[in-house]
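Colleague: The residues making up each chain are set out below.
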Amino acid sequence: MTATEQPAAQRPEPAAGGRRFALPPWWEKALFPIIIGVGAAFPFFFDSGGTVMGTAVLALAYTVMALGLNIIVGFAGLLDLGFVAFFAIGAYVMGWFGSLFFATINGEKGIHILVTGRAAELPGIHMNFLLILVAAVIFTTIAGMLIGLPTLRLRGDYIAIVTLAFGEIIGRVAINGDELKLFGQPLTAGRQGITPVDKIDLPFLEPFKSLNLTPWFYVALAMVAFALFVNLRLRESRLGRAWIALREDEVAAVSMGVPAVRTKLLAYGTGAAFGGMAGAFLGSFNNTVNADQFQFFFSILILGMVILGGLGSIWGVVLGAIVLTTINFYLIPDVFNTIPGRVGLDFDTTQITFAIYGFLLVIMMIMRPEGLIPERRRKQELHEAEETDSVIAARA
Amino acid sequence: MEAASLPAGPAVRGARLKSIVGTYGLIAVLLALPVYFAVFDLVNDGNLTRIGNNLVDGISNGAIWALVAIGYTLVYGIVELINFAHGEVFMIGSFTAAGLFASFGLTKDTSAIVLAVALLAIIVICMFASGILNTMIERVGYRPLRGAPKLAPLITAVGFSFILQNVGLLWRGGSPESIVDLISSQNPLFTLAGINITNGDLLSIFVTVPLLLLMTAFIGRSRLGKAMRATAQDPEAARLMGINVDTTISFTFLLGGMLAGAAGMIYALYQTTIWYFQGFTAGLIAFTAAVMGGIGNIKGAVLGGFIIGFIQQISDNRDELFGFFPLGSAWTPAIVFAYLILIMTFKPSGLLGEQTRDAG
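Residue numbers (our numbering), protein chains in the order written: chain V, 1 to 396; chain D, 1 to 360.
Since no wrong hints were added, every one of them can be taken at face value.
Derived DMTMM-like pairs: lysine to aspartate or glutamate, alpha-carbon spacing no greater than 20 Å straight-line: (1) V:K181 to D:D319; (2) D:K150 to V:E250; (3) D:K150 to V:D249; (4) V:K181 to D:E320; (5) D:K108 to D:D181; (6) D:K150 to D:E236; (7) V:K29 to V:E236; (8) D:K150 to V:E248; (9) D:K226 to D:E80.
No wet-lab data here; the hints were simulated from the structure.
Please model the entire structure based on the sequences and the hints provided.
Modeller: Spelled out as structure tokens, the structure:
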């Protein structure tokens, strides 16, 4: 932490965005237990089967996703528009290894690894949730690196397009996967979806119920804590600094000895792993792995979280994820839905979800590109152009 | 370009060899699918009618993609931005056309002369609607961000794409909609060696080719076209030479949008089905075409459009590849995107393009 912060602290702050007050250096370390503590207290105040609780679980899962994407886009500066691919792969790992999907396997008796309860008697593959998490992480890390490979020589917009293309291909495979047969088994269940999916089954605990959301909440919170911890540690690590160096100036970073290929691939792999973790969790939580879930909109939703909070800013991304999930899954469908109707417009807010996100992206980029809680370096970079412009204007 | 001014050392020769291998490799990859199915047809049917039909349909579809792809290529050439909202500008062109067909009261029974005049008026209106829309997007979304990191305008572009999709959704509903088939687009006009040339094929070629010629002449000959080329080469130097860079950029967006509008109207007439999501797919396909030809290169965009159109038709009309991989219209987008990734990986500068900064 100190190693990266000291040179910046000695540098005079840019004239435009001078800091008004300075927080003590340990504030960020204190924030971690505070946020997790507040989160842990949350279920005591809300109905364990209600909409608020459901939204909260989703918010946590999406926070993990956003923290993953933040590594790729925020830290390493590789604009990934195909993050949905990792959600899809994670969710399908959950679907394959925790449902009735492969019903004919092992002579219709099924394969069971460390599962208890009803799942242990059903046909199909049923693995313990922790094993599935590990499998999802392995699958998505490999997928992330594979997707990263073609982008290594590219920069900027081109990376965005290639990742987008990968996301769309994975989406297509998900939709049409029931035609793709491997060893006589279809790859996916297409738009019908793999359902039902096993509930999370942790050692020493009863399998989770779909009506009691509190255990789901704590599992999601634990995943957020893990993602936060990894993010915070990585940012200060050698690898994290290499990511930021590559983002700022690839040529300079490479000539200082940063291995570009390995560093970029690790960014894709790490980011993808979090996407896969959250994807597996969501597969179980939603109780279906359905091809219609894996659309471009999802990638933009997650990217919107990262941008709203502040690219590269860990706490910003957490805030962005919570705010956008609340807007997307609570405010738009439940709270504001009838407002346009009441003022005489013939649509409801769920129909203008796309436009809401579109406006949000445009407004954020024009008014406050650094996000709600900006990362200091990003902020400087984003306002650099304005300063040079004003300097030129002042000279003229 | 820089390499040419250096003495040809081994490194340069190596780079040239790599570029030649890349170009021919790309051509080989592009030819693989058509050649495979041509042989397949010869063996199974004894003639090339089926692939010939694919080729004709591919060219008329590809003409539409070419018009859209030029919009990408022009804008990328001048501001180095992938105008993500371009596909949606194309979609709005289609929707405007469909709306105008209805408000002009055109039906299948309208006499040919009235129809021709009305369609001419409609294409002009569509072109201006899309062109002005594209210019407005540039003014609101991209101009304030000139000089910001390139991530910023790309994200606003995605934002505008979403906003316009939603406009389309509210305008004509969420599912594909059949509109009046004014020109009986799938009716064969004549048959040439077993290959059907339909009304739609003819329309698409007869609208696209003059537009392309006009535009090439405009960019090559006119003052504004010269300003566009100068700005694309070096905005700073162009500014120093007294070129109003902002106006030139706005004009480029207008031109790109107009071509997209024309493409939108042809699409509506040709496919007779429109929906709000058509722009997203069309945008990606056209972008693939632009990259395939070499982004920034207009001839390349046209060539890429035709190739992509052909590949798409092959994929749409065949059941499987090499006996195990399923094809068909459900898989076509995946095939096109796979091509996009292949090109990006092995030859990011495309068939006719020069190396750009981004494509390395």
